[in-house]
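Chain by chain, the residues run as shown.
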Amino acid sequence: MGEKMLMKGNEVIGEAAIRSGCRYFFGYPITPQTELSEYLAKKMPKVGGLCLQAESEVSAINMVLGCTASGERAFTSSSSPGISLKSEGVSYIIGSDLPCVIVNVQRGGPGLGGIQPAQSDYLQATKALGHGDQHFIVLAPAYVQEIATLMSEAFDLADIYRTPVMLLADGALGQMMEPVDFEAKKQRELPEKTWASCGHGNKRAHNIVNSLYIDPEVLEKTVLARYERYKQIEENEVQYDEYMTEDAEICIVAYGITARIAKTAVKAAREKGIKAGLFRPITLWPYPKKELATLADKVSKFLVVEMNMGQMVDDVKVATDCRRPVEFFGRTGGVIPTPNEILAKIEEMNGGAN
Amino acid sequence: MIEKLKKRITIICGHYGAGKTNVAVNLAKAAADSGRKVAIADLDVVNPYFRTADNAAELREKGIRCIVPEFANTNVDIPSIPAEFLAVFDGDAYSVVDVGGDDGAIALSVYKDRFEHSGYDMLYVYNACRPLTATVEEAIESLRAIEDMSRLKFTGIVNNTNLGGETTAATVEKGSAVCKALSAATGVPYLGSAVFKGIKGLAEQPALLMDNATKQLF
Numbered sequence: 019m020g021e022k023m024l025m026k027g028n029e030v031i032g033e034a035a036i037r038s039g040c041r042y043f044f045g046y047p048i049t050p051q052t053e054l055s056e057y058l059a060k061k062m063p064k065v066g067g068l069c070l071q072a073e074s075e076v077s078a079i080n081m082v083l084g085c086t087a088s089g090e091r092a093f094t095s096s097s098s099p100g101i102s103l104k105s106e107g108v109s110y111i112i113g114s115d116l117p118c119v120i121v122n123v124q125r126g127g128p129g130l131g132g133i134q135p136a137q138s139d140y141l142q143a144t145k146a147l148g149h150g151d152q153h154f155i156v157l158a159p160a161y162v163q164e165i166a167t168l169m170s171e172a173f174d175l176a177d178i179y180r181t182p183v184m185l186l187a188d189g190a191l192g193q194m195m196e197p198v199d200f201e202a203k204k205q206r207e208l209p210e211k212t213w214a215s216c217g218h219g220n221k222r223a224h225n226i227v228n229s230l231y232i233d234p235e236v237l238e239k240t241v242l243a244r245y246e247r248y249k250q251i252e253e254n255e256v257q258y259d260e261y262m263t264e265d266a267e268i269c270i271v272a273y274g275i276t277a278r279i280a281k282t283a284v285k286a287a288r289e290k291g292i293k294a295g296l297f298r299p300i301t302l303w304p305y306p307k308k309e310l311a312t313l314a315d316k317v318s319k320f321l322v323v324e325m326n327m328g329q330m331v332d333d334v335k336v337a338t339d340c341r342r343p344v345e346f347f348g349r350t351g352g353v354i355p356t357p358n359e360i361l362a363k364i365e366e367m368n369g370g371a372n
Numbered sequence: 010m011i012e013k014l015k016k017r018i019t020i021i022c023g024h025y026g027a028g029k030t031n032v033a034v035n036l037a038k039a040a041a042d043s044g045r046k047v048a049i050a051d052l053d054v055v056n057p058y059f060r061t062a063d064n065a066a067e068l069r070e071k072g073i074r075c076i077v078p079e080f081a082n083t084n085v086d087i088p089s090i091p092a093e094f095l096a097v098f099d100g101d102a103y104s105v106v107d108v109g110g111d112d113g114a115i116a117l118s119v120y121k122d123r124f125e126h127s128g129y130d131m132l133y134v135y136n137a138c139r140p141l142t143a144t145v146e147e148a149i150e151s152l153r154a155i156e157d158m159s160r161l162k163f164t165g166i167v168n169n170t171n172l173g174g175e176t177t178a179a180t181v182e183k184g185s186a187v188c189k190a191l192s193a194a195t196g197v198p199y200l201g202s203a204v205f206k207g208i209k210g211l212a213e214q215p216a217l218l219m220d221n222a223t224k225q226l227f
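Residue numbers (the working numbering), protein chains in the order written: chain A, 19 to 372; chain B, 10 to 227.
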């Protein structure tokens, strides 16, 4: 174990990227993730890296495309409105089979919305940020420590599957401070980047990085091959966490910061004799469908808790084949639910206050 | 620590996340408990959330005047200092000024003349568990940068080294050692440690015992 530091979530994103060997950050400031740019502006030059403030989010994501095409690890970060701006670039990166990491420290929306924390980009992140047949991996940390491990995972997964990986956080997680240990990460075997356009030195045919296909048959084949990789990701890369689900009757499904608030509510419910539990998806895509289906055999009701209007509810319904009622409690627009509000909902589902 | 602060105004500065708001809020509460008329002013133009305003209700209950930006904790992303801030200079209350980290100290520079006229103590709050300021050299650099930015001079160093809920006596002592070296190198007096209540086995008597003033989400 390394020596623990007390860090803001946003700083940890930057430090974890550096420790993952990433030396290129292209971003544009936006609350509530600007500490990340600021941290990297100070730290990147010290490790021989580059922290570049682009003229816009659109430029930043396209700089990532160019950089990662050369085989270097690169990432960008923004908050909700800025992520929307990056959507075209992300689609091009997917279409070019390039790895990269994209960080979204979510705030309230739609539009400029607000600067307080939210989770209302769930659908955008997990269903389709950009155009075309596509997926990318979405990781949802709930702890500052988990940001460190998942950022490292994100770069590895991106390289292994040649895909963008999104770290989907929220303003609260970006701004809060917790102890963090950067040594606690798992090592993975990484493939060589034989596709990189980094100079062939007359020793091999030159590599082309491109997302335009003249022949529709070739494009279809390319998309199908990509979906084979998606299948592998769905089989191998699902991550989740469970708390007191063994005998749970009411099971909360929540991710990110909301899962921690829900956990407090579960503890309080248990103290009142209500058998509550918590299922926390860590990968939002691939979604832990099988695990939720298994859970549906045991629990009697699900309660989805999010900082949005219920964007994950359908995923739980689909995963469980609607075999159990799925209810929802959420706050949105930058309002953070309290443990007591969630507890009240659990009590209501349990047939009234005990 | 209060007995060492002779001036009517205490400015709380330091690097990002050093725990300035915790120190400021607890210092104001301690002063109010000792029977003084107290005001606390939130001069943080950096942090969007987790700020003094989170404690306003509790502080006001203790009779502490809270001067917080009108739009603190709303969606207004523009740092603004309320006109009421001038009460720090014109009033007669013991006033704690909570300043934003690092560059946030620029908000002080506007009031340089007024601070000098009224007299002030300025505390460098330090946490050795924070990145970018973990070593004595980095701490010196950060302390001097804040002085340049604020156009004011530090009069004391406070060790607030902590790892949140994982803080032990060893954590605190790691920080006090750095603070002493920082004091020796800069000539700014070391005033002791600000420590969360309940930390056992401390070698030194804490200069300020603190409740955690950070808003708890769960």
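Treat the hints as calculated values from the structure; they're not laboratory data. Treat the hints with caution; some may be incorrect.
Said to hold, decoys possible - Below 25 angstroms or equal to it, Euclidean Cα-Cα: the simulated PhoX-like pairs (lysine-lysine) are:
| no. | chain 1 | residue 1 | chain 2 | residue 2 |
| --- | --- | --- | --- | --- |
| 1 | A | K22 | B | K13 |
| 2 | A | K64 | A | K203 |
| 3 | A | K22 | B | K189 |
| 4 | B | K224 | B | K13 |
| 5 | A | K204 | A | K239 |
| 6 | B | K162 | A | K285 |
| 7 | B | K16 | A | K22 |
| 8 | B | K224 | A | K22 |
| 9 | B | K162 | A | K22 |
| 10 | B | K16 | B | K162 |
| 11 | A | K61 | B | K183 |
| 12 | B | K183 | B | K206 |
As the list claims (entries may be wrong) - DEER-style ranges, computed between Cβ atoms:
| no. | chain 1 | residue 1 | chain 2 | residue 2 | range |
| --- | --- | --- | --- | --- | --- |
| 13 | B | T83 | A | G217 | 23 to 31 angstroms |
| 14 | B | Q225 | A | D265 | 50 to 58 angstroms |
| 15 | A | C216 | B | E147 | 33 to 41 angstroms |
To be verified - From chain B, some residues computed to sit far from chain A (all C-beta separations above 12 angstroms):
| no. | residue |
| --- | --- |
| 16 | E67 |
| 17 | A96 |
| 18 | K183 |
For every residue, glycine included, the Cβ atom is placed at its ideal position computed from N, Cα and C.
Now the hints, each set against the structure:
1. A:K22 to B:K13: Roughly 32 angstroms between the alpha carbons, so the hint for K22 of chain A and K13 of chain B is violated.
2. A:K64 to A:K203: holds (23 angstroms)
3. A:K22 to B:K189: It holds: about 22 angstroms lies between the C-alpha atoms, which stays within 25 angstroms.
4. B:K224 to B:K13: violated (29 angstroms)
5. A:K204 to A:K239: violated (34 angstroms)
6. B:K162 to A:K285: Given that 25 angstroms is the threshold and the Cα spacing comes to 49 angstroms, the pair is violated.
7. B:K16 to A:K22: Violated, at about 37 angstroms.
8. B:K224 to A:K22: With Cα atoms ~22 angstroms apart, K224 of chain B and K22 of chain A stay inside 25 angstroms; holds.
9. B:K162 to A:K22: violated (31 angstroms)
10. B:K16 to B:K162: Holds, at roughly 14 angstroms.
11. A:K61 to B:K183: holds (24 angstroms)
12. B:K183 to B:K206: holds (18 angstroms)
13. B:T83 to A:G217: 23 to 31 angstroms: violated (52 angstroms)
14. B:Q225 to A:D265: 50 to 58 angstroms: Since the Cβ atoms of Q225 of chain B and D265 of chain A sit about 28 angstroms apart, the hinted range of 50 to 58 angstroms is violated.
15. A:C216 to B:E147: 33 to 41 angstroms: holds (35 angstroms)
16. E67: holds (17 angstroms)
17. A96: holds (27 angstroms)
18. K183: K183 of chain B is in fact no farther than 12 angstroms from some Cβ atom of chain A, at 10 angstroms.
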